[in-house]
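Chain A is already provided as a structure; the job is to place chain B on it using the hints.
Chains as they are written, first to last, in this note's numbering: chain A, 191 to 426; chain B, 24 to 355.
Keep in mind that the hints were calculated from the coordinates and are not lab data. Watch out, some of these pointers could steer you wrong.
Label pairs and their computed distance ranges (CB to CB) [claimed, not checked]:
hint: 1; chain 1: B; residue 1: 177; chain 2: A; residue 2: 233; range: 35 to 41 Å
hint: 2; chain 1: A; residue 1: 270; chain 2: B; residue 2: 169; range: 58 to 64 Å
hint: 3; chain 1: B; residue 1: 161; chain 2: A; residue 2: 230; range: 36 to 42 Å
According to the in silico footprint, chain B covers these stretches of chain A (three or more CB under 8 Å from chain B) [said to hold, decoys possible]:
hint: 4; segment: 240-247
hint: 5; segment: 326-332
hint: 6; segment: 369-378
hint: 7; segment: 385-398
By construction, the Cβ of each residue, glycine as well, lies at the ideal position given by its N, Cα and C atoms.
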Amino acid sequence: MSEASVVVSPSGNSALRVVSVLADREAGWRLVHHLARFVDAAHVPGVECVIPTYDAALIEIDPAEVSLDRLGDYLAHVIEGLDHDRPLTDTPRTFDVPVLYDLDGELDLQTVAAAQSLSAEEIVRLHSEPTYVVRCLGAPGGSPMLDGPPFPNPVPRLASPRAHVPQGVVSVAGRQATITPAAAPGGWPLIGRTPLTVLDLDAEPFVPYEPGDLIRFTPIGPDEYESLLGTRMVAR
Amino acid sequence: MSAGILTIVEAGSTHVTDLGRRRGPRYGVPVNGALDQRSARIANILVGNPENAALLEITALDLEFVADIDILIAVTGADGHLTIDGVGRPSGQPVSVRAGEAVALRQLQGGLRAYLSVRGSFDVPLLLGSCAPDSVLGFGGRLAAGATLDLRQATSPLFNDHFSAELYSLDVPRIPAGFVVDVTDGPDIDDFAGTADRLFEQPYLVTPTSNHIGLRMTGPLPERISRGEVLSRGVPVGAVEVPPGDELLVLHRGRGVTAGYPVLAVVTSSSLDVLAQVRPGQRLRFRRVSSAEAAARTRADLVALDALRLRVGAVFAALDALSLSTTGRTLL
Chain A
191 MSEASVVVSP
201 SGNSALRVVS
211 VLADREAGWR
221 LVHHLARFVD
231 AAHVPGVECV
241 IPTYDAALIE
251 IDPAEVSLDR
261 LGDYLAHVIE
271 GLDHDRPLTD
281 TPRTFDVPVL
291 YDLDGELDLQ
301 TVAAAQSLSA
311 EEIVRLHSEP
321 TYVVRCLGAP
331 GGSPMLDGPP
341 FPNPVPRLAS
351 PRAHVPQGVV
361 SVAGRQATIT
371 PAAAPGGWPL
381 IGRTPLTVLD
391 LDAEPFVPYE
401 PGDLIRFTPI
411 GPDEYESLLG
421 TRMVAR
Chain B
24 MSAGILTIVE
34 AGSTHVTDLG
44 RRRGPRYGVP
54 VNGALDQRSA
64 RIANILVGNP
74 ENAALLEITA
84 LDLEFVADID
94 ILIAVTGADG
104 HLTIDGVGRP
114 SGQPVSVRAG
124 EAVALRQLQG
134 GLRAYLSVRG
144 SFDVPLLLGS
154 CAPDSVLGFG
164 GRLAAGATLD
174 LRQATSPLFN
184 DHFSAELYSL
194 DVPRIPAGFV
204 VDVTDGPDID
214 DFAGTADRLF
224 EQPYLVTPTS
234 NHIGLRMTGP
244 LPERISRGEV
254 LSRGVPVGAV
264 EVPPGDELLV
274 LHRGRGVTAG
284 YPVLAVVTSS
294 SLDVLAQVRP
304 GQRLRFRRVS
314 SAEAAARTRA
324 DLVALDALRL
334 RVGAVFAALD
344 ALSLSTTGRT
354 LL
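In isolation and in its complexed conformation, chain A is listed as follows (with noise of 0.2 Å):
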């Protein structure tokens, strides 16, 4: 490889972050997960756990059975044998979201749609128009991370984050936007729910989507979110 596609830094003394220098953002996110399952699927001895992001790979090791350095070289080696134009899937399974947008002004709509000097309606029909990739699983509980709506502006996260935010609530902060699948604290602002139970703790991993997956949102009214309450949430 004639230019380094990657900068590789430790992080601490049991972790290595490998993050995209790719010019193209959506062939640094596609490097990073072909890394992580690259690795995952090696079972390298001494790696404990990959945590693939939108440009970034942070790679947990046992101290004792590997170090830094030689996980680092092995790793070069790997990327010069990524092929970082291949798409993370062929067949990209797509999930509907019904939401109950938050048009009453319990939640954090209003604020997000003043602060983008837009009317709650525009908000609403902004996040509900893209088809959006799943870009990775966060916290909590494998939150599907997706790249924000297209408003003019990043979305300001809360000045003081909630205690507590419920399951179900979608939400978004700076240009990202996100489902949560288990109740956990929080400071992005709210600006709906869905009725369906996003985490399965019998299923492995807990959540029903991939990195690569899309997903759609659709607005609902409150007599359909009462009758889909609980429904799993499924591919098309």
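Showing chain B alone in chain A's frame:
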């Protein structure tokens, strides 16, 4: 089929846990598990268990239980007053308990968390291969008085029939005195420009909002120079961050696996065990170490644990032989 039942009499704040859910972070789920990994490993080693066997993590408060079979236990971590039917017994050693005797661990001090292993461990539900509680997923949880745990194995008492003296005294690695927390430079240290060194200037005071997800502390705050949106990335356990507000945040094993804050420094794996023992209201000091020093320390810890495992194995083998020849009891 369980060999016996352990019944909690006084629960305090006790959880069944192990070394953690190592496959979890791949799926957005924190690793969790014993916060003081070294003490948990030692507790299991002392009773001849695999190091990852399920054991009790006791936080700050008193614990009391009874088992309906003979068991062998060991207590490590924070110092406490261990009694069997009211008689004081040593921590950091395998201790025999007869069926029906009350085991109590009280007055934890010098640390926040103690670990109690039982030879043969417990039959408990697993999630992704681990019994570690996860407060976000709602898996596992704090034991309540009256709760029962299925024991896998009875262990006949290891007592010296003639003198009822201690049969062994194992040299167990101790918790380091004083709270010094080693960190290596984080991957985003440049985001803090010249202010990163503030981390090492003065002690930090641990605040009461600290828990298994992270410790919050007040003290001189390094300042993030860079601005703008940071994409969520995987953050390591031990990440030192400066979120908005007036506190420093150090992530522990319950941390959300992705976050959007720059990582200033990362606590070494050995010092995460130190953090597990710091109580709110106590002060700690950060010390910068190189990656090489951190790696050397980790190796030294492992060598010490390996040596302990060998000694325990030798003691059990000798006691087994002794017991078979003098009393006919089978210990293992």
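- Query: So which of the earlier hints does this model not fit?
  - Reply: 3
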